[in-house]
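If you read the sequences in order, they're chains X and Y.
Everything in the first sequence is counted per my numbering, starting at 1 for the first residue and increasing by one.
Everything in the second sequence is counted per my numbering, starting at 1 for the first residue and increasing by one.
These are computed hints drawn from the structure, not numbers from a lab.
Ideal Cβ positions, reconstructed from N, Cα and C, are used throughout, including at glycine.
Be aware that one or more of the hints could be misleading.
[To be verified] Pulled a few chain X residues facing chain Y out of the computed Cβ check, cut under 8 Å:
id : residue
1  : R58
2  : D118
3  : R120
4  : L132
5  : S133
6  : S134
7  : V150
8  : R151
9  : E165
10 : V168
11 : Y169
[To be verified] Here are a few chain X residues that face chain Y, going by a calculated C-beta distance under 7 Å:
id : residue
12 : G64
13 : C75
14 : P100
15 : E144
16 : R147
17 : P148
18 : Q149
19 : N159
20 : A167
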Amino acid sequence: MAGFDKFAERLTRNLARGSSRRSLLAWIGGTVTGAAALPVLPVSRAVASEHGGGGGARASQSTGNIQDPGDPASCDYWRYCAIDGFLCTCCGGTVSSCPPGTEMSPITWIGTCTNPADNRAYIISYNDCCGLSSCGQCMCNRNEGDRPQVRPQSNNDYNWCLGTESAVYNCSTAIIIGVALDS
Amino acid sequence: MRRLGVVFAGAFLAGVMSVPAAAQTFPDPLPNEPIPSVETLPDHYPPNWVLVHDFNMNSIVDGRVAIADIGSPDRALKGFVRATQFASFLYSSAKNEIYTAETFYTRFDRGERTDAITIWDGVTLQPKGEIILPGGKRQASLGYKSIFQFTNHERWALISNFTPAQSVRVIDLENRTVLNEVDLPGCAHIYPTGERGFATLCADGSMTSIVLDEKGQVASSKVLEKIYDIDKQPMFNTPAMAGTTAWFVSFYGQLKPFDMSGPVAKPIAGSWSLGTAEGGTPEWRPSGWQVITSDAAGLLYVLMTPNGKEGTHKDGGTEVWVYDPAKKARVRRIALKGAAMAVDVTREATPHVVVAGADGSIDVYDAATGAFVRTLGSTVAHMPMSLTVVTP
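Turn these sequences into a full structure, and let the hints steer you where they fit.
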């Protein structure tokens, strides 16, 4: 977290950059407190694309909650609309927890995904799990609302194993941190 | 070990002396072969060689930079160097050196972190030296080319940091030292300018140009406001360089050139669009990681998907659209065998379009006709992310 403290310090010393600073501060607020009020990003039901391995047939999973529908071990699951990485549900973790032996990154990127059961747009935090080599199972890359790296809070190309003991990437979760406000 | 070796060799030779009858067809045995024997590569890589960044997603800590001969389908992989843990790399054909920027831990995935640039000899692929990057700041992400760039005639390199604080380090490759770190909050990626400097794009839509003095310190800087609109026309991070013109392409197919020849990057007035075509569902858009490149003549090559809509910008392209900026017109469409994530064009006398497929394959097409030439299959890399052709 030392780097993050320095980042915050640097931000306060560089208050000249209006809009980018505001969006960054919103991002920090969102990721640290989990209570951002973010506009609804365009959400479409893009076909999941896969790059890499671990795409073989596997038995489906269920959340057991009809308000949280779909297969969390499948790239089509609604929360994965902007994910890029291995699904922790296939790696010993769950959609909202990391596999044993890893550490969850406190800093991350976020997406806005629509839950088909209640038709609400949720803010999803894609916290990476870190400290073990690539899981290698259930690679999933979807990019709804993903933007270039100059907008880090909306970019899934970064290794978000930041602020952890180790930056080695294992898998990605998809955690609900709030309901998006309509813009 | 030596004694054991003699015993082993003795047993081996005794076996050889009992020649089976069938071997009389071949009265002379195969000659002995020298041990040890290790291949080397030429001083100057030929123009049909391509450096392929293998991100190796299934084991990111074992990433590589592969050297591939696109004219040799049976022996395409000439060798590789290590590129661990979200590495990025550069290749200097003048010095025949590969530079990998990497991150290491003393216990593989844990322990003390070291970031370093390793300098690899292009002939032996052995490390010649390294430059330590202190502070654990190096940007770990997909290995976009514009996070690690040369300046000052390849004597220096510029490398992005992301902690998530953003800064750029100035590296003296010849003296193997870090010269400077330029804080650039809100800005990302490195686009070299002039003799010694770079521009960077910032999240507020501005572009900042930095001029460096002979010691790598900031001599001057210039901010141009409202250069682009990330919401209306988000641009892919990495442009195609045609001479000293950087051609950016937006998610929606608009082209935006910048003159990088002077100390300050300057937008070039005008409008360029890749246009549309039949068959889009709903429309053709650029898609991939290394989505745009140029050839020696300045034509642009862009990976395009017919499934263009929100979120498809990294699915990969099934066609390459060839665009002539001088004519402001698309001059060719090259249909690919499958979705490709990266594209580059060789500087051969007969240039080839090389694409890295989403399935890991490397395919080769004739740049002038678009005709399919050959596939190297997945014999070069597990997950090819970027392609760097050898330039003279």
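So, going through the hints one by one against the coordinates:
1. Interface hint status for X/R58: violated, as the beta-carbon distance to the closest one in chain Y is roughly 16 Å, over 8 Å.
2. For X/D118, the interface hint is violated, the least distance from its beta-carbon to any beta-carbon of chain Y being 21 Å, above 8 Å.
3. About 19 Å separates the beta-carbon of X/R120 from the nearest beta-carbon of chain Y, more than 8 Å, and the hint is not met.
4. At about 6 Å, the closest approach between the beta carbon of X/L132 and any beta carbon in chain Y falls short of 8 Å, and the interface hint on this residue holds.
5. Below 8 Å, beta-carbon pairs count as interface contacts, and X/S133 has one with chain Y at about 5 Å; its hint therefore holds.
6. Evaluation of the X/S134 hint against chain Y yields a held restraint, the C-beta minimum of about 5 Å falling below 8 Å.
7. Against a cut-off of 8 Å between C-beta atoms, the interface hint on X/V150 holds, since the closest Cβ of chain Y lies about 4 Å away.
8. Because the closest C-beta pair between X/R151 and chain Y is about 5 Å apart, less than 8 Å, the hint holds.
9. Taking 8 Å as the C-beta contact cut-off toward chain Y, the hint placing X/E165 at the interface holds, the least distance being around 7 Å.
10. The interface hint given for X/V168 holds, since its Cβ lies 4 Å from the closest Cβ of chain Y, which is under the 8 Å cut-off.
11. The beta carbon of X/Y169 comes within 6 Å of a beta carbon in chain Y, closer than 8 Å, and the hint placing it at the interface holds.
12. Contact between X/G64 and chain Y, as hinted, is not supported at the beta carbon level, the nearest pair being about 28 Å apart and thus beyond 7 Å.
13. Restraint check, X/C75 versus chain Y: the minimum CB separation of about 12 Å is more than 7 Å; hint violated.
14. The closest approach between the C-beta of X/P100 and any C-beta of chain Y is roughly 14 Å, which is over the 7 Å cut-off, so the hint fails.
15. Look at X/E144: its Cβ gets to within about 4 Å of chain Y, closer than 7 Å, so that hint holds up.
16. Satisfaction of the interface hint for X/R147 is found here, the shortest Cβ-Cβ separation to chain Y being roughly 5 Å, below the 7 Å cut-off.
17. Taking 7 Å as the C-beta contact cut-off toward chain Y, the hint placing X/P148 at the interface holds, the least distance being around 5 Å.
18. Taking 7 Å as the C-beta cut-off, the interface hint given for X/Q149 holds, the closest approach to chain Y being about 5 Å.
19. Satisfaction of the interface hint for X/N159 is found here, the shortest Cβ-Cβ separation to chain Y being roughly 4 Å, below the 7 Å cut-off.
20. Here the hint on X/A167 is kept, as its CB sits about 6 Å from the closest CB of chain Y, short of 7 Å.
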